[in-house]
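Those sequence lines, one after another, are chains A and B.
The numbering used here puts the first residue of the first sequence at 1, with every later residue one more than the last.
The numbering used here puts the first residue of the second sequence at 1001, with every later residue one more than the last.
There are no misleading hints in this set.
Some chain B residues judged to face chain A by a derived CB distance under 10 Å, without partners named:
#, residue
1, L1082
2, Q1136
3, Q1149
4, A1250
5, L1258
6, F1272
7, Y1304
8, Q1305
9, G1310
10, F1312
11, L1313
12, V1317
13, V1318
These are computed hints drawn from the structure, not numbers from a lab.
For each residue, glycine too, the CB sits at the ideal point set by N, CA and C.
Below are the chains, spelled out letter by letter.
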Amino acid sequence: MARESGPAPSLDRLGLTRDRRRILYAYLAAIMLFVVGAMVHPGFAGLGSVAAILTVASFVGLVAAGQTFVVLIGGIDLSVPWVLNGAAILLVTTSLGEDSRAPYALLMTLGMGAAAGLVNGFVIAFLGVPAVVMTLAMDGVMEGLTLGLSGGMTCRACASYAPTVVQNAVHGSAFGIPAALVLWIAVIAVVSFILSFTTFGRRTYAIGNNPLASYLAGVNVRLVTMLLYVLSGVFAALAGVLLVGFGGQASLGMGNPYLFQSIAAVVIGGVYMLGGRGHYLGAAAGAVTLVALVSVLLAMNMPDYGRNIIYGIVILVLLLLYGREEKEE
Amino acid sequence: LSTDATVERPRPPRLVYFLAQNTGLVLAQAMLVTAIAVYCAVFWLTEAALPGNFEITSTVNNTMPLALTAMGQAFVVVARGLDLSVGGVMDLTNALAAIHLHDNLASMVGWSVVILLIGAALGLVNGLLVGVGRLQPILVTLATLAIYQGLAIRILPQPGGSIPTAYTSALVNPNQPTALIYVLLLAFLWYAFRRSSIGVAIFALGNDELAARANGVDTVRARVIAFVLSGFMSAAAGLFLAASATAGDATTGDGYTLSSIVAVVLGGMNLFGGRGSGVGVIAGAFVTTMIVNILFFSNIDPLYQSFYEGLFLVIAVVLSALVGRLLRPRR
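This is chain A alone, in the form it adopts within the complex (with noise of 0.2 Å):
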């Protein structure tokens, strides 16, 4: 079934399959654009500079790592946005900025993500509706409750700052590395062993590739679906809670662009959109490929409109490079 269509035989020889040969790509991707970028902004690759673009791809990395998981499964999650931005939102006012009230806060807030997916993955996995739809509706469901409990971010709450707790950890570091990036190798580490060393990665590949014969074969496709979207919901409010640590209010809006950035993010890293195929590693280096370039963009003094058109342009340009489906036959 694989057509492998690869231009240089001998690379397979060397264990670098197309799949790995993507990855690969993405990284040299990310690499060329900081040189390009110390070449019209010297500085651009100083450390400081590439510590605020990789703090800034942690936040992309994180909510592509949820989009990963289902677009493996041929799925997509567009109800990101809303997620995301429900869960800053949820997090301040629930917190009202107090350290006390942090955990409860965190855990209504991840909780409030988990149960997006859920119903997103049921729906989806139980009652047959395409997920484009349901995770459209969701989004829909989300922004509508966003908007409406925080009275159009008018309430008294809404004004809160995330706990300081919070803001500590993201804007601390460990060893010289900022926090946030901390928490992305460490997800990155973790996602890339479930995919790779578990069987429910092993299952998340089989239905990817094929449902019927993975069902078959004695796979839960409804339960390991679900799941998969209970685990896009939940980094889509993780990467919220980030966000707002980050930035220390929230606001409405926040999460619109993160749609756009995590689907680029999965498809300049390789994998598969119809599923079955590619890695977290991929859309790792993605999200770094991508906050990179638009870094070059905002150096090169590119303006706001034009960072839509770009990210389009590079999903199409990416898409029609290696996302083009195999001819029937």
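Fit chain B to the supplied structure of chain A, relying on the hints for placement.
Chain B alone, transformed into the frame defined by chain A:
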């Protein structure tokens, strides 16, 4: 019409057969009647009168952009795709209209035609990427949505511009529900499409792509044309929106991506392609507007609007799947 009964088997009673073939359409009309009844009831309770000329006119005028873009979405959905970029096309055409329409006949007619053609061209880009580039419709239109939205803001950074009053009164008459004529035209357009060779090709493509190709349908061409039609209809929706707002806003179309899918699903279209009626979609668009109206008169905060849209979308998809299964036990 496409019939499943190519294999000889005992035919069910005619009414059941009709219902099974047109489940979506019948459900959509039933929903429309229910929505109108609930709307009248809520209106009666709050205003102690039945909706009059003003309410009917504003409802029809408010629904026109959605009906147009949902019809465009329907062409793509029949071809087993989904067009997420309709909101972006509306943004872009809306912004263009606000900048270029001036108060003389030549400008109004000329630029309307140009804007409609631009909409078709935007659809063509989608169609070529999906059809010739063999990419997934969702990803392509998600990417072009970002591009079109960016271009729209480039053209009209702040809400503004102006639409000539003559243009507004020609498209959206605020005094009489003359826009109902456009609704009829839209229904007529659907029937013309359904009976045209390209309509047959698109339906065949949506039902079974391999079989359609084996029977000599140019599936690439059919798919591209479906997207072109969608872009064209969304451009028309953008013009209507500009006319009724009398000014332009480069983000005003954003919500229509979700709403158009809601209208298509409420209208009984099968999201897996090849089944459904444009008349149902028009009804679906009216139901969507009615829901907003009902929420308004029941004193529900308009901030919750997308919550209810999302909720009704899920309920409609699940229900139509269940009803379809009940009426068509074989499939």
